[in-house]
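Please model the entire structure based on the sequences and the hints provided.
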Amino acid sequence: MSDVIEVKKRDETGTLRMRRLRSSGRVPAVVYGQGKDSVSVSIATRDVEKMIRSGRHIVELGGDVTEDALVKEVQWDAFGSHVLHLDFARIDAGQSVEVALTVELRGVAPGTRSGGVVKHMLHELIVKCPANKMPEQLEVNINELELDQVITAGEIALPDAAELLVDGSEIVVTCVTPSAETETDEDGGVSGMAEPEVIGRKADDDDGDDS
Amino acid sequence: MALMPKRVKHRKVQRGRIKGNATRGNKVVFGDYGLQSLEPGWLKAQTIEAGRIAATQYIRGEGKLYIRVFPHRSITSTPLETRMGKGKGEPEYWVATIRPGTILYELGGVSEQQAKICFARLAHKMPFKVRMVKRRAM
Numbered sequence: 001m002s003d004v005i006e007v008k009k010r011d012e013t014g015t016l017r018m019r020r021l022r023s024s025g026r027v028p029a030v031v032y033g034q035g036k037d038s039v040s041v042s043i044a045t046r047d048v049e050k051m052i053r054s055g056r057h058i059v060e061l062g063g064d065v066t067e068d069a070l071v072k073e074v075q076w077d078a079f080g081s082h083v084l085h086l087d088f089a090r091i092d093a094g095q096s097v098e099v100a101l102t103v104e105l106r107g108v109a110p111g112t113r114s115g116g117v118v119k120h121m122l123h124e125l126i127v128k129c130p131a132n133k134m135p136e137q138l139e140v141n142i143n144e145l146e147l148d149q150v151i152t153a154g155e156i157a158l159p160d161a162a163e164l165l166v167d168g169s170e171i172v173v174t175c176v177t178p179s180a181e182t183e184t185d186e187d188g189g190v191s192g193m194a195e196p197e198v199i200g201r202k203a204d205d206d207d208g209d210d211s
Numbered sequence: 001m002a003l004m005p006k007r008v009k010h011r012k013v014q015r016g017r018i019k020g021n022a023t024r025g026n027k028v029v030f031g032d033y034g035l036q037s038l039e040p041g042w043l044k045a046q047t048i049e050a051g052r053i054a055a056t057q058y059i060r061g062e063g064k065l066y067i068r069v070f071p072h073r074s075i076t077s078t079p080l081e082t083r084m085g086k087g088k089g090e091p092e093y094w095v096a097t098i099r100p101g102t103i104l105y106e107l108g109g110v111s112e113q114q115a116k117i118c119f120a121r122l123a124h125k126m127p128f129k130v131r132m133v134k135r136r137a138m
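Chains as they are written, first to last, in the working numbering: chain S, 1 to 211; chain D, 1 to 138.
Do not take every clue at face value.
In silico DSSO-like cross-links for lysine-lysine, where the CA-CA straight-line distance does not exceed 27 Å [to be verified]: (1) S:Lys50 with D:Lys134; (2) D:Lys88 with D:Lys9; (3) D:Lys19 with D:Lys9; (4) D:Lys134 with D:Lys27; (5) S:Lys133 with S:Lys72; (6) S:Lys202 with D:Lys27; (7) D:Lys12 with S:Lys72; (8) S:Lys72 with D:Lys19; (9) D:Lys134 with D:Lys116; (10) D:Lys19 with S:Lys202; (11) D:Lys116 with D:Lys12; (12) D:Lys116 with S:Lys119; (13) S:Lys128 with S:Lys36; (14) D:Lys116 with S:Lys202; (15) S:Lys50 with D:Lys116; (16) D:Lys86 with D:Lys9; (17) D:Lys27 with S:Lys128; (18) S:Lys72 with S:Lys128; (19) S:Lys202 with D:Lys134; (20) S:Lys8 with S:Lys50; (21) D:Lys134 with S:Lys72; (22) D:Lys27 with S:Lys50; (23) D:Lys88 with D:Lys116; (24) S:Lys119 with D:Lys19; (25) D:Lys19 with D:Lys88; (26) D:Lys134 with S:Lys119.
If you're looking for bench data, these hints aren't it; they were derived computationally from the structure.
Written out as structure tokens, the structure is:
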């Protein structure tokens with residue numbers, strides 16, 4: 001909670017007006033929660049991009065609305081390149097909130113020198129933590145990850161008073177021997193078969209016509 | 001070998017239209033980097049396979065390649081020098097319907113530079129414009 005994000009109250013709503021707002025360099029957002037009325041606001045696009053890059057989940061709003069808020073939801077366009085809308089939930093500094101934190105790997109696994117491949121299985125972990133102690137991401141040191149070893153969710157160091165909301169035995173990262181590429185695919189498809197089976201057609205029926 | 005469904009409800013389907021952008025399958029979910037389509041089109045099963053071979057030859061077991069699209073749609077054609085009529089042709093090949101924004105392939109366990117080179121090789125096989133995207137934090 002370092003930088004203050006300047007927000008402006010907005011009275012306009014609707015698709016066309018929001019489209020115009022976005023083209024003028026601002027992103028629509030809403031602030032709600034704690035039994036108070038929801039407030040429609042807008043934020044400068046460059047501030048939103050900065051906030052997204054930093055990966056902060058807890059932000060300090062300034063300007064027309066001065067509150068601490070949790071970034072509850074970010075709406076993206078179909079290409080994932082522009083933010084369309086933001087949801088902020090009001091919070092108190094000491095209040096516990098549930099957030100999906102990104103898991104970042106740090107270091108080089110010694111298992112890769114023995115021919116292994118680092119497999120990052122869980123990219124996000126849901127954590128309940130007081131808002132003032134919320135980290136931006138969870139860092140996992142893989143400098144001691146040997147071949148065929150795993151790091152589970154329970155082994156990841158969390159901040160004080162933080163609680164893990166996923167099963168502690170879930171594998172976050174592992175170092176495995178790469179499997180040889182096979183000709184058949186794992187996605188349930190078949191390869192090399194003449195034609196797929198038609199559901200509901202009898203085996204002796206030639207072309208599936210009712211006649 | 002090229003992909004195709006195991007079981008289908010109908011052997012032949014109408015051509016249809018590809019309208020709008022992808023609202024599903026447009027996020028990098030399994031790996032760290034993805035190849036995103038920027039145009040609509042049909043992606044043949046053979047092309048998906050050609051892309052897979054191009055990518056696996058480059059990464060050589062270092063990372064993991066995920067194929068995010070599957071050819072569910074059959075495309076029919078009538079043989080050459082056939083007179084008009086006599087009904088719809090026979091299924092010839094299978095395609096995946098791609099809308100702009102769809103993630104086609106994902107890569108995990110490789111550096112950004114390696115992913116960039118790998119996807120550049122893969123992009124040459126694609127019948128439409130594509131770009132590399134990274135996993136989003138939020």
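Status of the hints after comparison with the structure:
1. S:Lys50 with D:Lys134: Roughly 17 Å between the alpha carbons, so the hint for lysine 50 (chain S) and lysine 134 (chain D) holds.
2. D:Lys88 with D:Lys9: Answer holds: lysine 88 (chain D) to lysine 9 (chain D) is near 17 Å, not above 27 Å.
3. D:Lys19 with D:Lys9: Holds: lysine 19 (chain D) and lysine 9 (chain D) sit about 23 Å apart, inside 27 Å.
4. D:Lys134 with D:Lys27: holds (9 Å)
5. S:Lys133 with S:Lys72: With Cα atoms ~17 Å apart, lysine 133 (chain S) and lysine 72 (chain S) stay inside 27 Å; holds.
6. S:Lys202 with D:Lys27: violated (40 Å)
7. D:Lys12 with S:Lys72: violated (45 Å)
8. S:Lys72 with D:Lys19: violated (31 Å)
9. D:Lys134 with D:Lys116: holds (10 Å)
10. D:Lys19 with S:Lys202: violated (36 Å)
11. D:Lys116 with D:Lys12: Status violated; Cα separation ~38 Å.
12. D:Lys116 with S:Lys119: Holds, at about 19 Å.
13. S:Lys128 with S:Lys36: OK: lysine 128 (chain S) and lysine 36 (chain S) at ~23 Å, within 27 Å.
14. D:Lys116 with S:Lys202: violated (49 Å)
15. S:Lys50 with D:Lys116: holds (24 Å)
16. D:Lys86 with D:Lys9: Holds. Lysine 86 (chain D) to lysine 9 (chain D) sits at ~23 Å (cutoff 27 Å).
17. D:Lys27 with S:Lys128: Given pair lysine 27 (chain D), lysine 128 (chain S) holds - Cα atoms ~25 Å apart, limit 27 Å.
18. S:Lys72 with S:Lys128: holds (14 Å)
19. S:Lys202 with D:Lys134: Between lysine 202 (chain S) and lysine 134 (chain D) the Cα gap is close to 47 Å, so the pair fails against 27 Å, i.e. violated.
20. S:Lys8 with S:Lys50: holds (17 Å)
21. D:Lys134 with S:Lys72: holds (21 Å)
22. D:Lys27 with S:Lys50: holds (20 Å)
23. D:Lys88 with D:Lys116: Not OK: lysine 88 (chain D) and lysine 116 (chain D) at ~43 Å, beyond 27 Å, violated.
24. S:Lys119 with D:Lys19: violated (36 Å)
25. D:Lys19 with D:Lys88: holds (25 Å)
26. D:Lys134 with S:Lys119: holds (17 Å)
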